[in-house]
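*Asks:* Each chain, written out:
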Amino acid sequence: MAELLNQDEFRSALEGAMAGRQAKDASFSQAWATGKLERKHFARWAENHYHYVGPFADYLAYIYANTPDTATDAKDFLLQNMWEEEIGDVRHTDLLVRFAEACGTTEEAIVDPTNITAATRGLQSWCYAIAMREHFAVATAALVVGLESQVPSIYRKQYPPLIDPSVYNFTEDEAEFFDLHITSDEIHGERGYQIVLKYADTPELQQRCIEVTRDGADMRFAYTKALYDTYVAPDLGVWDGELVPA
Amino acid sequence: MPVIRFETSGSEVEFPDGEDVNVLRVAIRNDCGVPWKCASGLCGTDRITIVEGAENFAPPRRRERERLGELLDEGVRLACQSYVSGDATVIWDPDQKTIDEDSRAGKRLKAQWLADEDGD
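Protein chains in written order, with this note's numbering: chain F, 12 to 257; chain X, 5 to 124.
For reference, chain F alone in the conformation it holds in the complex:
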């Protein structure tokens, strides 16, 4: 039977659960960071990404509703995160649509749920299921640690070539979605860790948090890989050196 981990051990276990399966190492991310993609590929990414991140405040709202009012700091974190996604400034999905339109697609195509892969549909469904059904610390581990905390490591590699005139040549305005999330998800990720470390206070909850963090990383990896396989492989072929998570 598992024993209660101290906070350092627990944090290391959560970080270890994502090792070797992070989306920054998936074929689509690597092709993006190395300047191999075309605007039509980014358009397909945006049409899919909208259906994963578009409902993010909805996922968080389910977690919020499952969080007891004694966990005020956790509730405040979730509410702040929702506010930033939706009404703090420009709605984050509007920034995504702005980028997508610069890639040549339309808002109608972006919001159309038939334009996504099965893996994207699976990721969205998994997010809803975890948010609705799991203990709030477990759901925070899955969605904030397993998914959201990966964002800075992904976009810090992808943003520079986006605005490099010799690579993808987007303007700062067109690519604001990425610059914004590099920094905001550093902070959301860190607060997510703190909430999980504080409220997963039994061996069973800790182990479940570690499991869903690994699952979240796997889901995001599969979603990202499917984008390459579906939209890029017909142009560039199988990605050389594709990572296979253990």
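Calculated from the structure, these hints are not laboratory results. Glycine is no exception: its CB is placed at the ideal position from the N, C-alpha and C atoms. Treat the hints with care, since some could be wrong.
Claimed, not checked - Here's a subset of chain X near chain F, in silico, CB distances under 7 Å, partners left out:
1. 32
2. 43
3. 66
4. 69
5. 84
Assemble the complex: chain F is given as a structure, and chain X must be docked to it using the hints.
*Replies:* The following block gives chain X in isolation, referenced to the frame of chain F:
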């Protein structure tokens, strides 16, 4: 290893050589007392002033440039938007509010709202 010195709270945090780290993330993780509200460079509550190590800060990001304007020339940065790759020392006002609340325009609006309430 490089060190960030959070002088106002007396905290020091080391980070690995060769990495660049987000200042507010380090502060939150190590309970260094930097005030903050949002994570998007909107509110400006996390304003820090660089005392040493300005050369180790990455150039200001778009939101910092828009939010801080001329304050950047005085060594002010937003902790949530700042990445450092070497030794740095920062200070802040522990009681500072959002930029708008601290601004002259904010004070004028507040005075106006209070006056309106008195008149009700």
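*Asks:* Now look at each hint and say whether the structure bears it out.
*Replies:* Checked hints:
{"no.": "1", "hint": "32", "result": "5 Å, holds"}
{"no.": "2", "hint": "43", "result": "3 Å, holds"}
{"no.": "3", "hint": "66", "result": "6 Å, holds"}
{"no.": "4", "hint": "69", "result": "10 Å, violated"}
{"no.": "5", "hint": "84", "result": "6 Å, holds"}
This entry does not satisfy hint 4, going by the numbered hints stated previously; all others are met.
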